[in-house]
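Please build the complete structure, drawing on both the sequences and the hints.
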Amino acid sequence: MKKQTVFSIGRFVLLAFYVLAAVFPLYWIVVTSLKGPKEIYTMPLQYLPTSATLDSYRKLFSFSSFSLYFRNSLVVALISSLLAMAVSILSGFSLSRYPRQRTKGILQLALYFTQTIPTFLIMVPIFTMFSKLGWVDSTAALMLVYVATVIAFSTIMSKGFFDRIPVSLEEAAKIDGCSMFQSLFHVVLPITRPGMAAIFCFAFINIWNELFLAVMLLMSNDKMTVPVALNSFISKAGISWDVMSAGIVIALLPTMIVFGFGQKYIVAGLTEGSVKG
Amino acid sequence: MMERKFYRWMLVPALLFLTAFIYYPVLRGTVMAFQNYNLFDLNQLKFNGFDNFKAVMSDPHIRFAQILLNTAVWLFGSLFFQFVLGFGLALLLKKPFAGRGIYTAFVFYGWALSGFAIGLTWAWLFNGQFGLVNDMLMRIGLLSQPIGFLSNPNLAMISVIIPNIWYGVPFFGIMLLAALQSVPNELYEAATLDGAGAIRKFTSVTVPYVKPTIVSTILLRTMWIVNFPDIIYAMTNGGPVNRTNILATQMINKVFKEYDYGQGSAIGLIIMILLFAYAMLYLRLTEKGGDNL
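Listed in order, the protein sequences are those of chains A and B. Residues 1 to 277 (the working numbering) make up the first sequence, in order. Residues 1001 to 1293 (the working numbering) make up the second sequence, in order.
In silico lysine-lysine, DSSO-like type, Cα no more than 30 Å apart, as pairs:
#, chain 1, residue 1, chain 2, residue 2
1, B, K1095, A, K264
2, B, K1094, B, K1211
3, B, K1095, A, K3
4, B, K1095, B, K1211
5, A, K174, A, K104
6, A, K174, B, K1005
7, A, K132, B, K1257
8, B, K1211, A, K3
9, A, K59, A, K223
Hints in this document: simulated from the structure, not taken from any laboratory.
Quick look at the structure:
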């Protein structure tokens, strides 16, 4: 009995340590964004802001076109994630039901291979390819690249979800006169909705956070995404942390919200994609 | 017959995306690594054999051995603590408790955040004048005046590895927790009947059962850490005096600062070959370990 109590107290202490460590950096950047520049640059630091103000956010939105960058990021991430989801529904389903084992194995290997490729090795060739096509500085072209960067893992995830649906369901639908397409959309997809949500969340998070491809492929100021804008705030003279902290908070919020809502599905999707070969 | 055709067509969109924007660029990048591809000198484009690799490896300003060493320290320093702390977290979360669902959201959310924004956040925490870490150390009397964590050559690497550990623990936590929860309870019951204690159960039931997950997660994470310059780029961009310069940041500098795409691609190819060799060796070693169990 006594040993048990010691254990549960120890467990509680450790759990408290983990959550404090996990939350504190975020707490600090939020607090910084709510202080004025005067308080930010005065030691010793105030751990709670003495007077919270939204001045940093006002500055951020008036001195830069941050609302535009935010909208750009949102458009890019939403459209490419939806596209990635649609494409990987098809490819995942096909891979899950593919009749020939050998082809299936080769395809899967080709998908896993993409996970070992450094973004930087494909970044430059994509840039030179786009220069020839006149696609540099095009948001649409960037979205196509983003779909490609997530599609391999999305397909692996989606295949995992379809593997769990018994083929007998489609066979029954077929007997009832459904075409393959109809049985996928009316019979199989409705049951795999959580899986599709996971694919969308995963794609959205990865695309929202991407920096280097966007830096390389976008040129004009009015097309910048949020990470590119944050990158442009870093000047030789140093960073002004009041505006920067506000920008960071806004960069972090959307994926946190997506994770908050989709956690259950994302966790299932991640483990589906990587644990099972 | 109809069906097979149908399945084939469904794969076309995904394969088009991958071919156009992943497989073709990889091939093109591999070719570029053997060309003198400099944006300022495109008229002189030609194959130059291994010149790019030689140039990268014998750069007078940046010793290649140092970059390799930095990459190894960055990788293993991050990986070891990500794994140990992530495994610890998963073990703590295995048994249900009131509020576990919400609790996991607060310890796992870091996985979803932007690595670049996280790097900036930690750059602020480690700020040499007004950083929180300095303030805390001064309050408890360990420091009398602030120190430049990111500008001190001896502290810079640790200061970029800590955020990377922070960033990577959730992934290990998520993966290992899922694996731990899949261990059948009967195995523990059987072990109890055989008189196994808590430690014995851990080493003879838990560890062997989750080993495949550990192996694959560590491999995935290795590739990811080596190819992940975002945090370093945000905090030190390889400095001071190249103390945090890893292969990935060096490649970014070659591309973004020097516009030397040939040498940049050569570094990219070196990363890929090293990772491939590592994966082969790793899988062989872990398979052997599996036979011994």
